[in-house]
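**Q** Sequence:
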Amino acid sequence: MKRKPLLILACVVLLAGGATFVVLRRDVTAPPSRSQIVRVAANLPLTGALAVYGVEVRDGSELALERLRTAAGRVEIRVDWQDNASEPRTAVTVAQRQLLGNPDIYVSGVKPESMAVIPLVRERALPHFLWIFDAFIRFFVVSCGQTVVRKRHPQ
Numbered sequence: 001m002k003r004k005p006l007l008i009l010a011c012v013v014l015l016a017g018g019a020t021f022v023v024l025r026r027d028v029t030a031p032p033s034r035s036q037i038v039r040v041a042a043n044l045p046l047t048g049a050l051a052v053y054g055v056e057v058r059d060g061s062e063l064a065l066e067r068l069r070t071a072a073g074r075v076e077i078r079v080d081w082q083d084n085a086s087e088p089r090t091a092v093t094v095a096q097r098q099l100l101g102n103p104d105i106y107v108s109g110v111k112p113e114s115m116a117v118i119p120l121v122r123e124r125a126l127p128h129f130l131w132i133f134d135a136f137i138r139f140f141v142v143s144c145g146q147t148v149v150r151k152r153h154p155q
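Mapping of the sequence shown onto the working numbering: position 69 corresponds to residue 69, and the numbering continues sequentially without gaps.
What follows is a set of in silico ranges between Cβ atoms, one per label pair, in the way DEER data are often shown:
id	residue 1	residue 2	range
1	Ala71	Gly48	32 to 40 angstroms
2	Val52	Asn102	24 to 32 angstroms
3	Gly48	Arg78	22 to 30 angstroms
4	Glu123	Arg89	12 to 20 angstroms
5	Ser35	Arg89	35 to 43 angstroms
6	Ala49	Glu76	28 to 36 angstroms
7	Ala71	Pro112	29 to 37 angstroms
8	Phe133	Ser35	34 to 42 angstroms
9	Trp81	Pro119	21 to 29 angstroms
10	Ile37	Ala125	15 to 23 angstroms
11	Thr70	Arg122	28 to 36 angstroms
Hints are computed from structural coordinates only; laboratory data are not their basis.
These numbers were taken from a predicted model, which means no experiment stands behind them.
Every residue, glycine too, gets a C-beta built ideally from N, C-alpha and C.
Could you build all of it, start to finish, from the sequences and the hints given here?
**A** Structure below.
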């Protein structure tokens with residue numbers, strides 16, 4: 001259970017950072033009375049063999065969103081939670097459907113499902129946050145190029 005507070009903190013940082021990125025990227029000349037909406041598409045394993053990870057990410061993010069909503073002011077964060085059933089093929093179908101809604105930020109997890117949707121998200125040039133629990137992450141980072149904001153350190 002020691003991982004749960006860390007997961008909640010990571011969710012808060014992820015959502016706050018993503019929302020800040022999108023808000024700062026938008027037109028700064030917008031009238032101050034207008035509220036801004038940040039659309040987040042989340043493609044996670046909520047059922048199936050990897051559901052334990054996806055459910056924890058969703059629950060931690062929801063807790064973080066409750067806290068953010070009281071402090072965000074004019075920024076409204078809407079998350080479209082979708083279940084990829086722990087299957088890469090399902091993740092691709094979910095991603096295609098979600099991308100039709102033109103999200104501002106894309107979130108996916110875990111490794112097999114994220115790898116399946118990377119090309120679709122990359123085409124849209126969206127900020128893409130990945131939830132990956134992997135002891136060999138550096139090999140994944142190298143294979144994904146610019147998608148992951150983590151660089152391999154020289155040996």
